[in-house]
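Fit chain B to the supplied structure of chain A, relying on the hints for placement.
Quick note, the sequences are listed as chains A and B, same order. Residue 148 in the numbering used here sits at position 138 of the first sequence, with consecutive numbering throughout. Residue 470 in the numbering used here sits at position 9 of the second sequence, with consecutive numbering throughout.
One thing to keep in mind: the hints can contain errors.
[Said to hold, decoys possible] Derived contacts from chain B toward chain A, CB cut-off under 10 Å, selection only:
hint	residue
1	VAL498
2	LEU501
3	GLU533
4	MET564
[Stated by the list, open to error] Example chain B residues on the side facing chain A (calculated, C-beta under 7 Å, incomplete):
hint	residue
5	TRP557
6	VAL561
7	ALA565
8	LEU568
For the record, the hints were derived by calculation from the structure and aren't laboratory data. Using N, Cα and C, we set each Cβ at its ideal position, and we do this for glycine too.
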Amino acid sequence: MTVIGVEKDFDNLSLILTAEFDAPIERVWELWADPRQLERWWGPPTHPSTVEKHDLTVGGEVTYFMTDQDGEKSRGRWQVRSVNPPRSLEITDGFVDQDGLPSPGTPITEVQVRLTERDEGTRMELRFLFESPEHWELLERWGAFGVFPQSVSQMDVLLAEGAEAETTPPRSL
Amino acid sequence: MVVDKATDEEADRLFHALADTTRRDILFRCIRGEPSVSQLAEAYPMSFAAVQKHVAVLERAGLISKQRHGRERLVHTDGDAVGRARQVLDELEQTWRGRVDRMADLLAPLSRHT
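Isolated chain A, as found in the complex (with noise of 0.2 Å):
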């Protein structure tokens, strides 16, 4: 079995995948430092995927399409955080337009890789995150306050400023 763990988080919309492969980490790595190797497995059969640029340095930027069956086009960019070969790579990834504009009201995600040798093969664990400001406000604004303990913590910031601006204060229960 290659993927060997999946834990979620609701709390912070976040997720962590392990995965283990009988290959050497160097080749593991090359998975990802090689665009052609690359564009083999980012994309699903049904949307293939071609990358352009691959600049695997801190800034630098990979930038890809996938084709649907209908021909239609979908752009994606990473931005390098940081890179350790083979170890360790950061990156965001999201969904850009025609123009190269990351593409508004669409999340971005934070991934970060994580190569061990283990045994005779390589574990990768692959942690995301999300940090599109529109995803958060969307899910804030469809009331999951609970489920994000740190934005009740930024509402509180932002009630106790609202609180000396009121004119009249809701009734008291």
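Frame of chain A; chain B shown alone:
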């Protein structure tokens, strides 16, 4: 937090609902479980009617809803918000399970099959 005009009223209700410690506590209890109004009332040193009013404020803000269950009224949080978080993570999991499988396929020719 950006709130457009159309949602001003909605936001006011939300802020008002969350501006009270008891109501936030009620909300957390409803997220953790699905208490009845009577169970909630027992948890606070105040009258049943007062607790009921707090529940109503949270309900108007769309944070919780009540459901009749036999003789009891159970209070639960907006399933949409929690459901959305679940859905987002489920989709992400499916996407990456597919990717990891394809990675394994690419590595297969070089690795020993067990």
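Evaluation of the provided hints:
Of the supplied interface hints, the one on VAL498(B) is violated, with its beta-carbon coming no nearer than about 15 Å to a beta-carbon of chain A, more than 10 Å. Below 10 Å, beta-carbon pairs count as interface contacts, and LEU501(B) has none with chain A, the closest being about 14 Å; its hint is therefore violated. Against a cut-off of 10 Å between C-beta atoms, the interface hint on GLU533(B) is violated, since the closest Cβ of chain A lies about 21 Å away. Restraint check, MET564(B) versus chain A: the minimum CB separation of about 5 Å is within 10 Å; hint holds.
Of the supplied interface hints, the one on TRP557(B) holds, with its beta-carbon coming within about 6 Å of a beta-carbon of chain A, less than 7 Å. At a threshold of 7 Å, the smallest CB-CB gap from VAL561(B) to chain A is about 5 Å, leaving the interface hint in force. Against a cut-off of 7 Å between C-beta atoms, the interface hint on ALA565(B) holds, since the closest Cβ of chain A lies about 4 Å away. Against a cut-off of 7 Å between C-beta atoms, the interface hint on LEU568(B) holds, since the closest Cβ of chain A lies about 4 Å away.
Against the hints set out earlier in the document, violations occur for numbers 1, 2, 3.
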